[in-house]
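*Asks:* Turn these sequences into a full structure, and let the hints steer you where they fit.
There are 2 protein chains.
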Amino acid sequence: MKNKIYIVGMGPGKEEMMTVEAIRALEQSDVIIGYTVYIKLLGERFSEKELRSTPMRQEKERCVLCYEEAAKGKQVALICSGDAGIYGLASLMYEVGADYPETELEVIAGVTAASSGAALLGAPLNHDFCVISLSDLLTPWEQIEKRLRAAAQGDFAIAIYNPSSRHRPDYLQRACDILLDSVEETRPCGYVENIGRENTVAEVCTLKELREREVTMFTTVFIGNSQSAAAGNKLITKRGYRI
Amino acid sequence: MKNKIYIVGMGPGKEEMMTVEAIRALEQSDVIIGYTVYIKLLGERFSEKELRSTPMRQEKERCVLCYEEAAKGKQVALICSGDAGIYGLASLMYEVGADYPETELEVIAGVTAASSGAALLGAPLNHDFCVISLSDLLTPWEQIEKRLRAAAQGDFAIAIYNPSSRHRPDYLQRACDILLDSVEETRPCGYVENIGRENTVAEVCTLKELREREVTMFTTVFIGNSQSAAAGNKLITKRGYRI
Chain W
7 MKNKIYIVGM
17 GPGKEEMMTV
27 EAIRALEQSD
37 VIIGYTVYIK
47 LLGERFSEKE
57 LRSTPMRQEK
67 ERCVLCYEEA
77 AKGKQVALIC
87 SGDAGIYGLA
97 SLMYEVGADY
107 PETELEVIAG
117 VTAASSGAAL
127 LGAPLNHDFC
137 VISLSDLLTP
147 WEQIEKRLRA
157 AAQGDFAIAI
167 YNPSSRHRPD
177 YLQRACDILL
187 DSVEETRPCG
197 YVENIGRENT
207 VAEVCTLKEL
217 REREVTMFTT
227 VFIGNSQSAA
237 AGNKLITKRG
247 YRI
Chain P
7 MKNKIYIVGM
17 GPGKEEMMTV
27 EAIRALEQSD
37 VIIGYTVYIK
47 LLGERFSEKE
57 LRSTPMRQEK
67 ERCVLCYEEA
77 AKGKQVALIC
87 SGDAGIYGLA
97 SLMYEVGADY
107 PETELEVIAG
117 VTAASSGAAL
127 LGAPLNHDFC
137 VISLSDLLTP
147 WEQIEKRLRA
157 AAQGDFAIAI
167 YNPSSRHRPD
177 YLQRACDILL
187 DSVEETRPCG
197 YVENIGRENT
207 VAEVCTLKEL
217 REREVTMFTT
227 VFIGNSQSAA
237 AGNKLITKRG
247 YRI
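Chains W and P are the protein sequences, given in the same order.
Remember, the numbering used here sits 6 above the position in the first sequence when you count from 1.
Remember, the numbering used here sits 6 above the position in the second sequence when you count from 1.
Check the hints yourself; a few may be wrong.
No distinction is drawn between identical chains; accordingly, a pair holds when it is met within one copy or between any pair of copies.
[Stated by the list, open to error] Under the rule of at most 35 Å between Cα atoms (straight-line distance), these lysine-lysine pairs were calculated in the DSBU-like manner:
hint: 1; residue 1: Lys46; residue 2: Lys78
hint: 2; residue 1: Lys46; residue 2: Lys80
hint: 3; residue 1: Lys152; residue 2: Lys214
hint: 4; residue 1: Lys152; residue 2: Lys55
hint: 5; residue 1: Lys214; residue 2: Lys10
hint: 6; residue 1: Lys214; residue 2: Lys80
hint: 7; residue 1: Lys78; residue 2: Lys244
hint: 8; residue 1: Lys244; residue 2: Lys46
hint: 9; residue 1: Lys55; residue 2: Lys214
hint: 10; residue 1: Lys10; residue 2: Lys78
It should be emphasised that the hints constitute simulated quantities derived from the structure, not laboratory data.
*Replies:* Here you go:
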């Protein structure tokens with residue numbers, strides 16, 4: 007029988023925002039591997055598991071560690087925040103897995119920040135939408151800019167991941183400037199910080215105001231489409247029902 | 007104190023693919039309201055709740071029913087498949103809610119088909135992506151076509167919802183033809199049927215082959231970006247790590 011590694015999306019952080027099957031996969035595992043921050047978010051109930059982490063930017067090493075531990079006969083779970091298949095390690099695990107044909111993978115879907123952040127803001131993604139990361143660690147900025155322009159061109163609602171970091175404090179401003187080439191300044195937008203953790207923030211603002219906001223690496227940003235409206239502190243993208 | 011209605015994303019169908027807080031919200035509710043198909047997917051353990059449904063195309067009536075039941079002092083949960091904020095009833099509930107200022111809403115995020123379908127196919131959405139519905143019930147076809155072209159232009163991976171129905175059996179073919187104007191015939195694609203239910207199907211194929219496939223209203227379709235690859239029966243969209 008083949009070894010199997012679970013690749014588990016843990017959602018935003020709180021255990022109650024995990025799916026039942028994600029929790030079950032962690033319970034059934036001998037060793038849980040992940041980025042340090044996510045390992046720390048796991049509750050007390052997993053403290054008896056063997057917990058292993060590798061630092062940021064050592065993603066390939068983290069994947070290799072999963073396969074090596076599985077080869078020892080242990081049941082391994084790799085945890086990712088949100089959904090493992092959305093900017094998580096699912097694809098890298100498949101790529102690295104070419105060297106480990108005796109091991110199979112099971113991806114267990116989780117709630118990504120587009121969904122969990124949207125829930126806090128109201129319904130900003132309730133029609134066709136794009137998800138775009140502003141991190142240019144692995145993607146040339148020209149590609150990111152091209153996608154922002156295409157998203158505006160298609161009148162998509164947009165969820166923006168990784169809008170800022172210490173090394174790129176002005177990237178959200180740059181993205182807003184690109185969008186402002188074709189989108190009006192008053193377009194309803196919003197952002198959510200620390201979803202499912204302490205000090206959660208959910209704010210609605212215009213695109214022009216968004217450009218001036220300071221955000222962190224724990225912020226998810228939402229840009230409305232031409233049918234979106236702010237209603238109090240909620241951002242609603244209409245589906246088109248007659249009401 | 008205000009009444010509160012829970013708007014619950016139930017994920018693809020199986021209870022184990024619901025989040026813990028979604029299950030808890032249903033447990034705490036007196037009445038669970040939803041489209042007939044989703045009400046039937048609920049397990050035995052909710053059979054003692056008051057279960058109410060309205061047929062398809064009576065979405066506004068379903069929302070009004072929620073507010074009316076809440077006004078009687080009952081705890082109401084409205085269930086939607088996948089995530090309530092992604093082609094679900096969250097935005098319509100906010101719109102209808104303008105007439106019911108005494109009631110507040112809490113959206114509880116769920117796993118949408120883009121995530122649950124991707125998990126079955128491998129990692130097709132592991133970089134920037136778009137979600138587009140082919141249903142033209144509430145959206146003019148010209149808008150859908152514009153978004154498909156913009157998604158191809160931006161080299162997004164794409165998840166397509168509602169690719170077909172009895173009244174529009176050829177819509178996926180039409181969408182593929184639009185994409186084929188700018189995307190090569192061999193582009194890796196895939197589709198998933200009946201996620202989290204019986205007779206789940208997950209298939210990888212090329213864009214040209216996808217055009218000929220028969221799909222149903224329970225199919226979710228995935229189009230790779232220029233960096234996607236088929237590996238056996240998996241569809242992998244690379245993030246750009248050096249391996």
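*Asks:* Compare the structure with each hint and give your call.
*Replies:* To see whether the hints hold, each was checked on the structure:
no. : hint               : verdict
1   : Lys46 with Lys78   : within (25 Å within a copy, 43 Å between copies)
2   : Lys46 with Lys80   : within (21 Å within a copy, 39 Å between copies)
3   : Lys152 with Lys214 : both (20 Å within a copy, 26 Å between copies)
4   : Lys152 with Lys55  : neither (44 Å within a copy, 50 Å between copies)
5   : Lys214 with Lys10  : between (49 Å within a copy, 33 Å between copies)
6   : Lys214 with Lys80  : neither (52 Å within a copy, 42 Å between copies)
7   : Lys78 with Lys244  : between (52 Å within a copy, 28 Å between copies)
8   : Lys244 with Lys46  : between (38 Å within a copy, 27 Å between copies)
9   : Lys55 with Lys214  : neither (48 Å within a copy, 47 Å between copies)
10  : Lys10 with Lys78   : within (12 Å within a copy, 50 Å between copies)
Violated hints for the displayed structure, listed by number in ascending order: 4, 6 and 9.
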